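2 protein chains.
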Amino acid sequence: MPEEIAPWITFRPEIKVLDCSIRDGGLMNNHMFEDETVRRVYEANIAAGVDYMEMGYKGSKDIYAPSEYGGWKRSSEDDIRRIVGDNDTPIKLSVMADAERTDYHTDILPCEDSVLDLIRVATYIHQIPTAVDMTKDAKDKGYEVTINLMAVCSVQDRELEQALETFCETDVDTIYLLDSWGTFYSEQIEDLAKRYLKHMEGTGKELGIHAHNNQQLAFANTIEAIIRGANRVDATMMGIGRGAGNCPMELLIGFLKNPKFHLRPILQCIQDIIVPLREEMEWGYTVPYAITGQLTQHPRTAMALRASEDKDEYVRFYDECTTSDE
Amino acid sequence: MPEEIAPWITFRPEIKVLDCSIRDGGLMNNHMFEDETVRRVYEANIAAGVDYMEMGYKGSKDIYAPSEYGGWKRSSEDDIRRIVGDNDTPIKLSVMADAERTDYHTDILPCEDSVLDLIRVATYIHQIPTAVDMTKDAKDKGYEVTINLMAVCSVQDRELEQALETFCETDVDTIYLLDSWGTFYSEQIEDLAKRYLKHMEGTGKELGIHAHNNQQLAFANTIEAIIRGANRVDATMMGIGRGAGNCPMELLIGFLKNPKFHLRPILQCIQDIIVPLREEMEWGYTVPYAITGQLTQHPRTAMALRASEDKDEYVRFYDECTTSDE
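Those sequence lines, one after another, are chains A and B. The first sequence begins at 1 in this note's numbering and counts up by one. The second sequence begins at 327 in this note's numbering and counts up by one.
In case anyone wonders, no lab produced these hints; they're calculated from the structure. Warning: the hint list may mix true and false statements.
[What the hints assert, rightly or not] Quick list of in silico lysine-lysine cross-link-like pairs, BS3-like style, CA-CA up to 27 Å: (1) B:465 <-> A:311; (2) A:311 <-> B:583; (3) A:257 <-> A:92; (4) B:342 <-> B:418; (5) A:194 <-> B:583; (6) A:198 <-> A:136; (7) B:418 <-> B:465; (8) A:141 <-> A:194; (9) A:257 <-> B:520; (10) B:342 <-> B:467; (11) B:524 <-> B:465; (12) B:524 <-> B:342; (13) A:136 <-> A:16; (14) A:92 <-> A:311; (15) B:520 <-> A:194.
Predicted model only: the values in this text are computed from it and were never measured.
Please build the complete structure, drawing on both the sequences and the hints.
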């Protein structure tokens, strides 16, 4: 078979790409994007043939007050329609709904009344019963649904096995493998993807991948997950996202080679919208993220460092991160 | 065997690291590093347990005039000793010698008269007879020797097979796999590493890896080569190097986990020396490098763009790179 000689010059038509620039990038500016920014990303995704775009979070209005958080943390139907109208385009739209931080019974409308197509439920290991209830609510309302288990790097194997078993008993369409802290090497992605897929065998569910770039491995780990069978793939414009950011869309599109994808609109959007944004807010790899990634720590300390005047005090930061106090 | 459960928490003692910050980084500032910069990198490498440090190029004085190129393009014995004295330390020192651009008969001293330990011969596919003669010269003079075939991405398979066969007939200690244009994905690195190693079987030679970061894959591809058997690994401080730069030392040291390596001195050097340098000169991933990497093109056009006022004109650059004119 020709595939075995040089498989990287072919493509896999099953792979679908989700842009989460506004959703994950919002974690760096309290979700305060201008409408024009969101609109230009939306138009670029359509022109580029991207399959899904995430229109922010469906956060609880009680938890995320407008005085502190921009609208894309609580994306309402009106907010989204202000950008997309009735979304009379091929792209599908999603929001992320965090377990225990979403008033899902009221804030997620029936699918037929919404311009949204997909609800992505994000959960920590201790929130799974709530998350499963949220997936059921969204499925009952008619949505495509994913479940995204965060911070897998801090979950013990037997708990992960139980979680995957539980997820496989739900009606979710996709189970996402997340490298929330940017801590995994390719061998670990391979190992985890195999575990996920073993549980999912015969269920018809798809495997997704969402990677962070703390060790400059977001794109590489995304490729690794694709090689192992992931068909749902997250990326963002020029890697915009929390801390070290995500898998860059401009790299992913080049790798996938499916003729339905087009790089040029992505480049136009980055040039016009994302580069100027990068002057105002920081994201992307810097040394402190390498340190927290290597140590399997949440990047919040690195983010705080980068937002301070001591942003390049790497040695002191390393000493603080590695102090034994348990 | 425990290795099969989670091999990434162990380490492989055979792996040796070479720092080429000054050599590859010199391609971005015409090799005009201050002595203090070179000295601080040297001291950091010693403290970190790095095995080799490359002290620039052994470029021909006729080709590289001092009026245009800094001293680290023609590193003389005196230049190097000005930094390292007699190098009474565990670190070994190397220079890179480009085929057809090095007066090797005269400029490479007998090993016993030099503070250098290793000569790395860099060659394009059409220069191999010269390169082989250079390896013989260096071996006869008593050095450890590597051969580094550049731009492998533009070499046809049958020529590569012939080159590897030729290299295996020499006395070189290490054959390097190079991703000069930052164009390879992990599958290609795997494929190439297997080809190299198949030829090298039984010769006792080691495989090396030198990767560029055009697609944010320098570290990932270095890991891939290590997994496939590479035991000689290039890295640079905060990725400093030509264009998109190289595999970052701070990431590699964290991955290797050999207790002989220490991250803290690397961080100190980056904080004190490399971050200020980054204010003066640009290296590292930007979108134009993604474009040339995806297109298997030399990054020189991307470097020229980044040095111009149009540095963020990605779409026009993409159009220029993709214009058919053959």
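Okay, the hints, checked on the actual structure:
no. : hint            : result
1   : B:465 <-> A:311 : violated (47 Å)
2   : A:311 <-> B:583 : holds (26 Å)
3   : A:257 <-> A:92  : holds (21 Å)
4   : B:342 <-> B:418 : holds (11 Å)
5   : A:194 <-> B:583 : holds (25 Å)
6   : A:198 <-> A:136 : holds (23 Å)
7   : B:418 <-> B:465 : holds (16 Å)
8   : A:141 <-> A:194 : violated (31 Å)
9   : A:257 <-> B:520 : holds (25 Å)
10  : B:342 <-> B:467 : holds (23 Å)
11  : B:524 <-> B:465 : holds (24 Å)
12  : B:524 <-> B:342 : holds (21 Å)
13  : A:136 <-> A:16  : holds (23 Å)
14  : A:92 <-> A:311  : violated (39 Å)
15  : B:520 <-> A:194 : holds (24 Å)
Hints 1, 8 and 14, counting from the list given before, are not met by this structure.
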